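There are 2 protein chains.
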Amino acid sequence: MNIVMAGTVAMDDIKTPYGERIGIIGGSASHFSTAASFLAPTSIIGIVGKDYPARYIQYLRKKGVDTSGIVQSKDQISFYWKGFYENDMNVAHTNDTILGVLSSFNPVLDEEKKNADFLFLGNIDPVIQMKVYRQMKKPVFVGMDTMNFWISSRKNELLAMIKKVDALFINDGELRQLSGEVNLIKAAGMIRKKGPKMVVVKKGEHGVLINGILGTEEFLFFTPAYPTMMVKDPTGAGDSFAGGFVSYLHRVHTQNNGKPIGLADIRHAAVWATATASISVEGFATSRFDKITAKDIRERCDFLYQYTKFEPMPE
Amino acid sequence: MNIVMAGTVAMDDIKTPYGERIGIIGGSASHFSTAASFLAPTSIIGIVGKDYPARYIQYLRKKGVDTSGIVQSKDQISFYWKGFYENDMNVAHTNDTILGVLSSFNPVLDEEKKNADFLFLGNIDPVIQMKVYRQMKKPVFVGMDTMNFWISSRKNELLAMIKKVDALFINDGELRQLSGEVNLIKAAGMIRKKGPKMVVVKKGEHGVLINGILGTEEFLFFTPAYPTMMVKDPTGAGDSFAGGFVSYLHRVHTQNNGKPIGLADIRHAAVWATATASISVEGFATSRFDKITAKDIRERCDFLYQYTKFEPMPE
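So the sequence lines, in the order shown, correspond to chains A and B. Each residue of the first sequence is one higher than the one before, counting from 63 in the numbering used here. Each residue of the second sequence is one higher than the one before, counting from 63 in the numbering used here.
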């Protein structure tokens with residue numbers, strides 16, 4: 063059964079210190095599903111404009127993505143982001159955002175998608191996220207992302223959505239904004255108490271922090287970023303991280319025949335996601351994923367193991 | 063046999079969002095030796111002014127520190143730092159630095175200190191660091207720290223000193239300055255190739271990265287910061303880290319009866335040092351160390367183990 067992912071399928075113009083690309087494939091659902099494709103197929107719920115290149119839909123299909131839930135508008139244009147990065151690749155600068163079709167996105171799920179076990183909600187309007195969520199019949203795992211715009215403009219709707227999910231993926235700046243707390247450890251704890259079972263804090267080059275609860279056991283887990291030396295385009299790193307994370311848990315769930323996900327699985331999901339995201343930033347858009355296999359991701363996981371492991375401290 | 067530590071014994075005026083203290087104990091040697099005291103005694107090589115409070119020397123002695131190598135000037139005043147921290151505790155702002163006795167620091171080691179196995183050189187003038195180093199007869203481990211001022215004013219002397227050491231401790235900003243490279247992973251590799259066996263990059267709240275070589279085996283190791291929620295005064299955090307690190311290796315060396323230090327020991331030293339530094343910042347100057355035992359440091363190491371551990375990725 064596929065992961066259902068509601069998010070954007072878009073086009074991007076991107077300039078970084080390593081080059082410039084015009085009209086390349088973008089959007090949270092494209093990045094997520096491509097990154098997830100090494101472990102699990104995704105069904106995208108999304109909308110594209112009348113101008114959207116058919117070859118990008120074909121590209122996703124070749125990755126095993128179910129694109130039957132992508133509606134094509136007959137009159138509106140595609141969601142388009144134009145931006146650039148300077149030397150500090152942690153900061154995206156926006157030249158222009160064209161909402162296009164996104165302003166009339168009204169997702170309707172078919173029976174198969176309503177019955178999926180895994181749902182991920184990209185960083186779209188929390189009102190739309192809730193519309194998708196409410197159509198699901200028995201989700202086993204629900205993850206969501208958000209962004210600064212919704213934190214300032216739709217805080218109540220966002221908090222209502224957060225209550226429902228197993229995992230909130232959020233970056234450090236957004237977490238500070240949402241919680242009003244500078245200390246990320248405190249902030250993650252505060253937001254986790256508002257409902258989600260896990261708050262997954264993406265700190266970019268500074269790694270990932272998870273504050274979670276499993277049954278009644280609270281836990282903290284940290285994994286550093288994979289020390290890649292070739293960050294060409296960070297666009298979609300967070301979506302690739304989420305795609306890696308959710309697809310890892312989806313695979314565990316499928317292999318376990320319903321046995322609940324454990325803490326060891328969550329740790330592995332975070333490491334797999336870290337490795338996946340580190341590969342995504344080494345090329346523009348999703349291009350690096352076209353040149354690798356799951357074995358390459360796996361090798362980076364093994365590196366992260368060596369990079370961080372130590373034995374329990376001797377007496 | 064004691065660790066020999068050449069550095070400053072000073073006074074500080076410090077203001078942070080948590081309070082203000084006037085004329086408290088400061089200096090790299092005070093922080094280092096206090097932090098090291100949980101595992102190993104330190105012999106300080108340093109100089110204080112005619113005005114230096116006798117009670118601070120007494121304080122160090124009570125920690126088991128050998129203060130016989132601290133010279134007291136008859137005419138000059140003590141090294142004094144006056145500074146403050148705002149909400150971003152990673153950045154120290156200086157109001158005033160009074161060099162005092164430091165301008166005439168000319169360290170001379172007695173026979174016992176010349177024969178020590180472990181030497182640490184605080185972030186003093188690299189010309190003085192070299193003077194101390196040259197007096198040592200058979201050091202087994204030499205570590206050093208430095209700072210932005212020497213990187214810009216004494217680069218050649220600093221590079222000559224770096225060649226001689228087993229471990230260079232340096233913070234992220236200083237590493238970028240010294241290497242001219244923004245990417246810390248690349249920068250650490252570049253500087254390690256200039257001579258030191260390990261470059262230990264202190265990234266404050268973002269943890270510690272080590273690029274090292276042991277025999278012919280290159281390694282990278284990363285440990286996150288301990289997620290303390292109570293940073294009251296970061297002054298001396300780097301010196302406390304170094305004190306924890308070097309004292310851990312000193313203990314291994316002593317217990318091993320000369321068996322060489324291994325990679326597992328270096329990893330443990332970094333974790334112990336991380337735990338030690340996290341405690342130091344929870345109070346002004348060295349005050350938090352007065353209220354804890356080695357067991358408290360050990361508990362934070364165990365937390366860091368749980369915080370970062372994961373099993374090798376399953377097939």
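For the record, the hints were derived by calculation from the structure and aren't laboratory data. Owing to the predicted nature of the structure, the values given are computational and were not obtained by experimental measurement. Honestly, I wouldn't trust all of these hints.
Put simply, identical chains are the same to the list, so a pair is met inside one copy or across any two.
To be verified - Derived pair list, reagent style DSSO-like, types lysine-lysine, alpha-carbon separation capped at 27 Å: (1) K226 / K265; (2) K248 / K265; (3) K199 / K77; (4) K124 / K255; (5) K200 / K265; (6) K144 / K265; (7) K255 / K294.
Cross-check of the supplied hints:
For the homomeric pair K226 and K265, the shortest alpha-carbon distance inside one copy (24 Å) is at most 27 Å, but the shortest distance between copies (36 Å) is not. Taking identical chains as interchangeable, the C-alpha atoms of K248 and K265 lie at most 27 Å apart whether they share a chain (15 Å) or sit on different chains (20 Å). Taking the shortest Cα distances, K199 and K77 never come within 27 Å of each other, neither inside one copy (42 Å) nor across copies (56 Å). Within a single copy, K124 and K255 get their C-alpha atoms no closer than 41 Å, and across copies no closer than 45 Å, so neither meets the 27 Å cut-off.
Taking the shortest Cα distances, K200 and K265 never come within 27 Å of each other, neither inside one copy (32 Å) nor across copies (44 Å). Taking the closest pair of Cα atoms, K144 and K265 come within 27 Å of each other only inside a single copy of the chain (23 Å); across copies the shortest separation is 33 Å, beyond that limit. Taking the closest pair of Cα atoms, K255 and K294 come within 27 Å of each other only across two copies (26 Å); inside a single copy the shortest separation is 37 Å, beyond that limit.
Checked against the numbered hints given earlier, the structure breaks hints 3, 4 and 5 and satisfies all the rest.
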